[in-house]
Amino acid sequence: MFTTGFKFFFGLTIALTIGAVAYGYSTGGEHVGPVTLGWKGGVGDHVGYLVLIGGAFASACFAGIIVAFRDADPAAQSHYMGVEAIAPTTPVTGSFWPVIGAFGGAAMVLGLVLGSAVFVLGLVICSLVAIEWTMDAWADRATGDAEANKALRDRIMAPFEIPVAGALGVAVMALAASRIFLNATKLGAVVWAGLIAVIIFGLGILYAARPKMNKNVIAGLVLAVGVAVIAGGIVTAVDGQRDFEHHGDDHGEEHGEDHSEEGEASE
Amino acid sequence: MTATTTQLAAPAIRRPRTVLVGTMFASGAALMTYFGVLAVYVSERADARDAGEEWFPEGVIELGPSGWIFWTLVLAAFTVQWAVQAIRNDDRPNAYIALALTGMFGAAVFNQLWFIINDTGFALAGTQGQFLFFVMTGTYIVFLIGAVVFLALTTMRALFGQFGPSQDDGVAAAAMFWHAVSVMYWVTWIAIFVTK
Amino acid sequence: MTMTESPPSEAAESSAAPLPAVGGLYDWLTTSDHKAIGRIWLRFGALSLLFFSVIGVLISFERLDADAIDVFGGVNSYFQMWSLYRFGIVLMVAIPLFVGLATVITPMQVGSTNIAFPRAALAAAWGYVLGSLITVISVLSGGGWGALDGVSGDEADAIRLTLLGTGMVMVSIILGTICVATTVVSLRTSGMGLTKVPLFAWSMLVAGSVWVLTLPVAIANIAILYIDLSGGAGLFVGAPNPSFDVYAQLAWILDQPAVYAAAVPVLGVAGSIIPVVAKGRQVSHEAMMILIGLAGLLAIGGWSQPFFGDERDTLVYIAFGVAALVPVLASLGGNGATLVAGEAPVGIPPAHMVGALGSMLLFLAATAAGALRVIDPLDLIGTTADTGVLNLVAVAAILGALGGWWFWAPKTDGRLFSGIQGLGAMTVLLLGGVLLGATDMIAGFVDTPDVLLASADDSLGDAMIVLSMVGSIVVLLGVLGALGAIALAYVKPGEADDDPWGGHTLEWATATPPPAGNFAEPPARVRSEAPLLDETPGDEGGES
Numbered sequence: 005m006f007t008t009g010f011k012f013f014f015g016l017t018i019a020l021t022i023g024a025v026a027y028g029y030s031t032g033g034e035h036v037g038p039v040t041l042g043w044k045g046g047v048g049d050h051v052g053y054l055v056l057i058g059g060a061f062a063s064a065c066f067a068g069i070i071v072a073f074r075d076a077d078p079a080a081q082s083h084y085m086g087v088e089a090i091a092p093t094t095p096v097t098g099s100f101w102p103v104i105g106a107f108g109g110a111a112m113v114l115g116l117v118l119g120s121a122v123f124v125l126g127l128v129i130c131s132l133v134a135i136e137w138t139m140d141a142w143a144d145r146a147t148g149d150a151e152a153n154k155a156l157r158d159r160i161m162a163p164f165e166i167p168v169a170g171a172l173g174v175a176v177m178a179l180a181a182s183r184i185f186l187n188a189t190k191l192g193a194v195v196w197a198g199l200i201a202v203i204i205f206g207l208g209i210l211y212a213a214r215p216k217m218n219k220n221v222i223a224g225l226v227l228a229v230g231v232a233v234i235a236g237g238i239v240t241a242v243d244g245q246r247d248f249e250h251h252g253d254d255h256g257e258e259h260g261e262d263h264s265e266e267g268e269a270s271e
Numbered sequence: 120m121t122a123t124t125t126q127l128a129a130p131a132i133r134r135p136r137t138v139l140v141g142t143m144f145a146s147g148a149a150l151m152t153y154f155g156v157l158a159v160y161v162s163e164r165a166d167a168r169d170a171g172e173e174w175f176p177e178g179v180i181e182l183g184p185s186g187w188i189f190w191t192l193v194l195a196a197f198t199v200q201w202a203v204q205a206i207r208n209d210d211r212p213n214a215y216i217a218l219a220l221t222g223m224f225g226a227a228v229f230n231q232l233w234f235i236i237n238d239t240g241f242a243l244a245g246t247q248g249q250f251l252f253f254v255m256t257g258t259y260i261v262f263l264i265g266a267v268v269f270l271a272l273t274t275m276r277a278l279f280g281q282f283g284p285s286q287d288d289g290v291a292a293a294a295m296f297w298h299a300v301s302v303m304y305w306v307t308w309i310a311i312f313v314t315k
Numbered sequence: 002m003t004m005t006e007s008p009p010s011e012a013a014e015s016s017a018a019p020l021p022a023v024g025g026l027y028d029w030l031t032t033s034d035h036k037a038i039g040r041i042w043l044r045f046g047a048l049s050l051l052f053f054s055v056i057g058v059l060i061s062f063e064r065l066d067a068d069a070i071d072v073f074g075g076v077n078s079y080f081q082m083w084s085l086y087r088f089g090i091v092l093m094v095a096i097p098l099f100v101g102l103a104t105v106i107t108p109m110q111v112g113s114t115n116i117a118f119p120r121a122a123l124a125a126a127w128g129y130v131l132g133s134l135i136t137v138i139s140v141l142s143g144g145g146w147g148a149l150d151g152v153s154g155d156e157a158d159a160i161r162l163t164l165l166g167t168g169m170v171m172v173s174i175i176l177g178t179i180c181v182a183t184t185v186v187s188l189r190t191s192g193m194g195l196t197k198v199p200l201f202a203w204s205m206l207v208a209g210s211v212w213v214l215t216l217p218v219a220i221a222n223i224a225i226l227y228i229d230l231s232g233g234a235g236l237f238v239g240a241p242n243p244s245f246d247v248y249a250q251l252a253w254i255l256d257q258p259a260v261y262a263a264a265v266p267v268l269g270v271a272g273s274i275i276p277v278v279a280k281g282r283q284v285s286h287e288a289m290m291i292l293i294g295l296a297g298l299l300a301i302g303g304w305s306q307p308f309f310g311d312e313r314d315t316l317v318y319i320a321f322g323v324a325a326l327v328p329v330l331a332s333l334g335g336n337g338a339t340l341v342a343g344e345a346p347v348g349i350p351p352a353h354m355v356g357a358l359g360s361m362l363l364f365l366a367a368t369a370a371g372a373l374r375v376i377d378p379l380d381l382i383g384t385t386a387d388t389g390v391l392n393l394v395a396v397a398a399i400l401g402a403l404g405g406w407w408f409w410a411p412k413t414d415g416r417l418f419s420g421i422q423g424l425g426a427m428t429v430l431l432l433g434g435v436l437l438g439a440t441d442m443i444a445g446f447v448d449t450p451d452v453l454l455a456s457a458d459d460s461l462g463d464a465m466i467v468l469s470m471v472g473s474i475v476v477l478l479g480v481l482g483a484l485g486a487i488a489l490a491y492v493k494p495g496e497a498d499d500d501p502w503g504g505h506t507l508e509w510a511t512a513t514p515p516p517a518g519n520f521a522e523p524p525a526r527v528r529s530e531a532p533l534l535d536e537t538p539g540d541e542g543g544e545s
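So the sequences go chain by chain: Y, B and Z. Count the first sequence with this note's numbering and you get residues 5 to 271, in order. Count the second sequence with this note's numbering and you get residues 120 to 315, in order. Count the third sequence with this note's numbering and you get residues 2 to 545, in order.
Pulled out of the complex, with its shape left as it was, chain Y reads as follows (with noise of 0.2 Å):
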């Protein structure tokens, strides 16, 4: 009748509860305070009294939902399905979008300390993860066929996808070149134009040449952007805030290396 995950999440219950009553008069609860949650009577120490009962209530849930699953025995779960025997998990295709949430999460740590449009970075790449990896958990569980299942998911995705990052690329690419034109000398502004410009077209003769890439290169390119937004961030922290905004009359040639890492870390 009481399955073992119970028992231990009742066990726990139980002496978290023990232990909250316990601590509550031992530390100067009053009354029945410690045995009504502070109705009547002090509970003593309230930072464990609450802590204590609060494992105690999140222990009875764990048990309470537990036992309703009867463990979650694959008997059980079979049982529940109305069929004989139950895999125990079904295929999940590799994707990029956990470890760019990661980074999102990372850019959004950053962006609590560096300011408001790190934060932003990091919220938009986490809030579009969450849209991707939920497309993604549907698309597995679409049919029997992975490779259905991708070109289905292909099918929804792409067109958001796609003009999506090409927006966020051409954004991401502006807001660079803009901060580095902006704090370069006027003969550094034309360097920099120049060698963005080659990279570009370089990138394009690339792509044209081999639409196919590799997916280590992609690969490298994802980790190269995370890297490039945590670095950026971190030496931004480290460095001090700078005034991203500013456009005075004052654009000092030994300001250009600052803003040039503010750059990146905007990417």
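Any given hint might turn out to be false.
[To be verified] Ranges of calculated distance between the beta carbons of each label pair, as one might list FRET restraints:
no., chain 1, residue 1, chain 2, residue 2, range
1, B, 177, Y, 173, 52 to 58 Å
2, Y, 159, B, 244, 48 to 54 Å
3, B, 168, Y, 163, 56 to 62 Å
4, Z, 516, Y, 210, 33 to 39 Å
5, Z, 239, B, 275, 43 to 49 Å
6, Z, 287, B, 278, 44 to 50 Å
7, Z, 75, Y, 215, 54 to 60 Å
8, Y, 177, Z, 232, 30 to 36 Å
9, Z, 492, B, 244, 55 to 61 Å
10, B, 177, Y, 177, 55 to 61 Å
11, Y, 208, Z, 55, 42 to 48 Å
12, B, 315, Y, 177, 52 to 58 Å
13, B, 178, Z, 232, 21 to 27 Å
14, Y, 163, B, 244, 43 to 49 Å
[What the hints assert, rightly or not] One side of the interface only, derived from the structure: several residues of chain B facing chain Y at Cβ under 7 Å:
no., residue
15, 128
16, 130
17, 136
18, 151
19, 158
20, 161
21, 165
22, 272
23, 276
24, 281
25, 285
[Unchecked claim] Derived pair list, reagent style SDA-like, types lysine to any residue, alpha-carbon separation capped at 25 Å:
no., chain 1, residue 1, chain 2, residue 2
26, B, 315, Y, 35
27, Y, 219, Y, 151
28, Y, 44, B, 306
29, Y, 154, B, 280
30, Z, 493, Z, 350
31, Y, 11, Z, 285
32, Y, 216, Y, 229
33, Z, 280, Z, 350
34, Y, 44, B, 162
35, Y, 154, B, 131
36, B, 315, Y, 40
37, Y, 154, B, 278
38, Z, 280, Z, 416
39, B, 315, B, 262
40, Y, 216, Y, 201
Think of the hints as simulated: they come from the structure by calculation, not from any bench. Remember, it's a predicted structure, so these values are computed and weren't measured experimentally. We put the CB at the ideal spot given by N, CA and C, even for glycine.
Got chain Y; can you put chains B and Z on it based on the hints?
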């Protein structure tokens, strides 16, 4: 499209409890985070009272608007279970309506809470009570947004044809997390608004 | 959308299979195979282990003579490194090594083809890597968990980054743990009730539950500290500048009882290795499960937060502190009985056995030291005894994880690690751990203060600080030996059988290295906790 997919193999049956067990642990972690903040709040409030200090200015925290949130979440608890039951019955129109209603209630709670925060006129750099009021409500808002996003993503998958009588785990998991977030507010309501 | 209205034919046979792997960096970033995900945790955990061992040695040098030696360049820098070592060795080394080992091994132990939520597990692994990097770099840039001597504005930013990085590591651990715990609960193979789960898998369920109940409380502390630093009046951080208060609010994670949670899986590692070494069943599998559960219960933390009310002289704190010794001692006894009942190995013991038993001995020493520490008249709290308990737990966890890694190397890395090198490294690590823990405990008895660079005012205390430094060097040597042996196994890979040790549990029924999906065919119905010892698979046996 129809001709193609109907000839394809059905997806393998997956274990119905996996998502629910994972959500159970995640909900537990969320609750413990909240209890962690609440513990500090209640502890500091008790210390302030023992020292004879004022925690909140008299009459600033009102029970009315916070009570409306309480009842909104009670309604949402029913609507989210309505969605689960509708999916189990393969009654998709009802499931979509229930999910949308729950999401709407979530938005309403956010709106009401935002109103309360603005109405108090508290400052983050004010007293300890005001600061912790922001921390408590802010933490709750983060989890509320998480629950609404979970519901939205679940709804998206449901709209694309997933979940049904034998595989209702995704919707049930979203409902489980929703209930955990509701519990957080009900505790908050007592801790902040009732006992002040 | 049409396909949603025309569901795929139920009659058609499912041909779902993972798309072919590309290999290289692409797989590192996109893999959905639990073994590759676990290796991310393990390898970065190993690098972190090396880094924090070096930091440990530098700190011990600084402690030798606070006036003469200035390794870090100031009291704040020393405090940053001191706190970085403590948080790092627990949150970025000990726990991640176990999460990594569990991510690889537990799905196979329970007969599953993959971990639950592999994408979330991958996100957790990379979250851990990035969170650790953010934390370490921010500390090296002037951040940390508060300061002893005031900070500049940039340093205050770096402190906020340190707090958030620590939070990111904790969230990643929780996420990775949820994947492991969910696998143990809901992806078991046919016939495997929870009572028949291998002890390592069970210990990860217990430890995972404890981490899920404990680490979020620390995240709550971090949230309060971050918000206070970002716009509050500094009431919680020691206004106006971040002070020692920041560290003090989070220090409970490194204190009893919460710190024990990092070493709970040690009981599972030993419980899985010892019966195999003894070539027999665990004498009492269910009793061991109860003991592991009890150890987990007594490691739940967050309720003792001295910053908000130092109640460490109360009955409950003392009871938790003393009682923690019992399950560890009993578990060691149970493993000893299993060794006695079976065929104890003759001659040179295998490295994984030394790792398993050594880690249990260190964990026992840690709980014994902890039991002494909570006895009020001894007045050990606030002395170097705090660090002693922490170091004993940390080295116990590291030794246990390395022992497990050596044992399961054919499944984690597809090769055997050198037994002799492993034996040497683990013996050195064990000695280093004992030296490190014992000296700090003894120094605590003569009231040598923790945290601050201060003289012990006692010749015995001074001597212990010197010996503690020797201990940290010995630990570093052990770590170098172990990691060197692992690296060497990649340079000169040794042949590994599918089951080189005569294992009892399902991971040993897979090929070496295990293929995607782990099992060539679904495991036969499990009838006991050691399925490979059951002579003929049958249909008997319940599922709890």
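Now for the hints, and whether the structure bears them out:
Range check, residue 177 of chain B to residue 173 of chain Y: Cβ separation about 56 Å, and the 52 to 58 Å hint holds. Here the CB-CB span from residue 159 of chain Y to residue 244 of chain B is close to 53 Å, well matched to the stated 48 to 54 Å. As the Cβ distance of residue 168 of chain B to residue 163 of chain Y is approximately 60 Å, the hint placing it in 56 to 62 Å holds. Against the hinted window of 33 to 39 Å, the Cβ-Cβ separation of residue 516 of chain Z and residue 210 of chain Y comes to about 35 Å, which satisfies the hint.
The beta-carbon spacing between residue 239 of chain Z and residue 275 of chain B, approximately 46 Å, falls within the hinted interval of 43 to 49 Å. Between residue 287 of chain Z and residue 278 of chain B the beta carbons are some 47 Å apart, a value that agrees with the proposed interval 44 to 50 Å. Evaluation of the 54 to 60 Å hint for residue 75 of chain Z and residue 215 of chain Y yields a pass: the beta carbon distance comes to about 57 Å. Judged by the Cβ atoms, the range 30 to 36 Å given for residue 177 of chain Y and residue 232 of chain Z holds: they are separated by roughly 34 Å.
For residue 492 of chain Z and residue 244 of chain B, the hinted distance range of 55 to 61 Å is satisfied, since their beta carbons lie about 58 Å from each other. Range check, residue 177 of chain B to residue 177 of chain Y: about 57 Å between beta-carbon atoms, so the 55 to 61 Å window is met. Between residue 208 of chain Y and residue 55 of chain Z the Cβ separation comes to about 47 Å, which falls inside the hinted range of 42 to 48 Å. Restraint check, residue 315 of chain B to residue 177 of chain Y: a C-beta distance of roughly 54 Å satisfies the suggested window 52 to 58 Å.
The hint said 21 to 27 Å for the Cβ distance between residue 178 of chain B and residue 232 of chain Z, and at roughly 25 Å that hint holds. Residue 163 of chain Y and residue 244 of chain B have their C-beta atoms about 48 Å apart, which keeps the hinted 43 to 49 Å range intact. A least Cβ separation of about 3 Å between residue 128 of chain B and chain Y falls short of the 7 Å threshold, and the interface hint therefore holds. A distance limit of 7 Å between C-beta atoms decides the matter here; for residue 130 of chain B the minimum to chain Y is near 4 Å, and the interface restraint holds.
Because the smallest distance between the Cβ of residue 136 of chain B and any Cβ of chain Y comes to about 4 Å, under 7 Å, the interface hint for this residue holds. The closest approach between the C-beta of residue 151 of chain B and any C-beta of chain Y is roughly 6 Å, which is under the 7 Å cut-off, so the hint is satisfied. For residue 158 of chain B, the interface hint holds, the least distance from its beta-carbon to any beta-carbon of chain Y being 4 Å, beneath 7 Å. Nearest Cβ of chain Y to the Cβ of residue 161 of chain B: about 5 Å, under the 7 Å cut. The hint holds.
The interface hint given for residue 165 of chain B is met, as the beta carbon of that residue sits about 5 Å from the closest beta carbon of chain Y, less than 7 Å. A cut of 7 Å between beta carbons decides the hint on residue 272 of chain B: the least distance to chain Y is about 4 Å, and the hint holds. For residue 276 of chain B, the interface hint holds, since its Cβ comes within 7 Å of a Cβ in chain Y; the closest pair sits about 5 Å apart. Hint status for residue 281 of chain B: holds, given a least beta-carbon distance of 6 Å to chain Y, under 7 Å.
Given the 7 Å rule on beta carbons, the hint for residue 285 of chain B holds: about 6 Å separates it from the nearest Cβ of chain Y. Among the hinted pairs, residue 315 of chain B with residue 35 of chain Y is consistent with the structure: their alpha-carbon atoms are about 22 Å apart, no more than 25 Å. Restraint check for residue 219 of chain Y and residue 151 of chain Y: the C-alpha separation of about 17 Å stays at or below 25 Å, so the hint holds. At most 25 Å may separate the alpha-carbon atoms for a hinted pair to count; residue 44 of chain Y and residue 306 of chain B meet this at roughly 17 Å.
With a C-alpha separation of about 16 Å, the suggested pair residue 154 of chain Y and residue 280 of chain B falls inside the 25 Å cut-off, and the hint holds. Annotation: proposed proximity of residue 493 of chain Z to residue 350 of chain Z holds, straight-line Cα distance about 23 Å (limit 25 Å). Using a Cα cut-off of 25 Å, the hinted pair residue 11 of chain Y and residue 285 of chain Z holds, with the two alpha carbons roughly 18 Å apart. Restraint check for residue 216 of chain Y and residue 229 of chain Y: the C-alpha separation of about 20 Å stays at or below 25 Å, so the hint holds.
As the CA atoms of residue 280 of chain Z and residue 350 of chain Z are separated by approximately 14 Å, the hinted pair is consistent with the 25 Å bound. The hinted pair formed by residue 44 of chain Y and residue 162 of chain B meets the criterion: a straight-line CA distance of about 17 Å does not exceed 25 Å. The hinted pair formed by residue 154 of chain Y and residue 131 of chain B meets the criterion: a straight-line CA distance of about 16 Å does not exceed 25 Å. Taken as a hint, the residue 315 of chain B and residue 40 of chain Y pair is honoured in the structure, with Cα atoms around 18 Å apart against an allowance of 25 Å.
Restraint check for residue 154 of chain Y and residue 278 of chain B: satisfied, since their Cα atoms lie roughly 19 Å apart, inside the 25 Å limit. For the hint linking residue 280 of chain Z to residue 416 of chain Z, the alpha-carbon distance of about 22 Å falls within 25 Å, and the restraint holds. Between residue 315 of chain B and residue 262 of chain B the CA atoms are separated by roughly 22 Å; this keeps the pair inside 25 Å, and the hint holds. For the hint linking residue 216 of chain Y to residue 201 of chain Y, the alpha-carbon distance of about 23 Å falls within 25 Å, and the restraint holds.
The structure meets every hint from the earlier list without exception.
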